[in-house]
Amino acid sequence: MNNIIKTQMFIMKQKIVSLTAVFIAAVVVIVSGFLLNPNPAETLTQPGFMAMFIVLFIPIMVISYSYSERIQMYEIMAGFRPHQIILGKTLVILPPLLAFLAASAIVSLINDSSQQTLERLLLYCILCVRATLCIVFLSPVLKIGTFAPVFSVMLLMVNGSDTEALAHSPLSLLCFGQCTLLIRDITDGFVIKVIISAIVSCTIYYLIGYFTLKKKIELEPHPIS
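All the letters of the sequence shown, read from the start, carry residue numbers 589 to 813 under the working numbering.
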């Protein structure tokens, strides 16, 4: 698995300028939101929504390049197992996201360290991790079209203006739908919904990616020695 990690790190070095620009843009958006808006709930719902969308381009760019250069084909031919391929990519993709979340948390807690803000911030972190894992886990299926979270954004552009209706619709199970609902009071029911939907969705995404890779590996029974 070390070779998978090294490969992904090499891709990130090749894309360092673009990835750095994306990272800085995401941080600037959410930090500006906290500095200009005294209401943390509105910041995590509006600038936070946009910052999450921007930071997701980091895994999208890395994984898309991986497929366009046929790197995964070599990983399969080299005999790596599905869980090694998925875990290797995850271990490389998560650190930039965690750095973004750390910067967001510091600025947020400096402005407001109340219990409600802390709860919203933790839920926001869960949603960002969920969206990132969605891209990584589904990449064997979507390949260079790793824009799965964009689907929920498109739905919300049409149906997300009424938060009361959104809270009682199937869209409230989507990652960006829940991000939009952070503007509401945080209830135990909402916390449970965010956590359970994240666990269930990530499990489903992982299984889809795992069995997709397993099928591809079975088509290549003689790994390169």
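None of these hints come from the bench; they were simulated from the model.
Be a bit skeptical, because a hint or two may be false.
[Stated by the list, open to error] Have a look at the derived ranges for each label pair, beta carbon to beta carbon:
1. 613 x 710: 40 to 50 Å
2. 638 x 690: 17 to 27 Å
3. 701 x 665: 49 to 59 Å
4. 784 x 804: 28 to 38 Å
5. 630 x 667: 42 to 52 Å
6. 590 x 750: 45 to 55 Å
7. 697 x 802: 39 to 49 Å
8. 803 x 752: 19 to 29 Å
9. 613 x 792: 43 to 53 Å
10. 675 x 710: 19 to 29 Å
11. 752 x 590: 24 to 34 Å
Backbone N, C-alpha and C define an ideal beta-carbon position, used for all residues, glycine too.
Hint check results:
1. 613 x 710: 40 to 50 Å: 24 Å Cβ-Cβ, so the 40 to 50 Å window is violated.
2. 638 x 690: 17 to 27 Å: Between residue 638 and residue 690, where Cβ atoms are some 19 Å apart, the hint holds.
3. 701 x 665: 49 to 59 Å: holds (52 Å)
4. 784 x 804: 28 to 38 Å: Given about 31 Å between the Cβ atoms, the range holds.
5. 630 x 667: 42 to 52 Å: Since the Cβ atoms of residue 630 and residue 667 sit about 51 Å apart, the hinted range of 42 to 52 Å holds.
6. 590 x 750: 45 to 55 Å: holds (50 Å)
7. 697 x 802: 39 to 49 Å: holds (43 Å)
8. 803 x 752: 19 to 29 Å: Violated: the Cβ-Cβ distance is about 43 Å, outside 19 to 29 Å.
9. 613 x 792: 43 to 53 Å: The hint (43 to 53 Å, Cβ to Cβ) is violated, given that residue 613 and residue 792 are roughly 30 Å apart.
10. 675 x 710: 19 to 29 Å: holds (24 Å)
11. 752 x 590: 24 to 34 Å: violated (50 Å)
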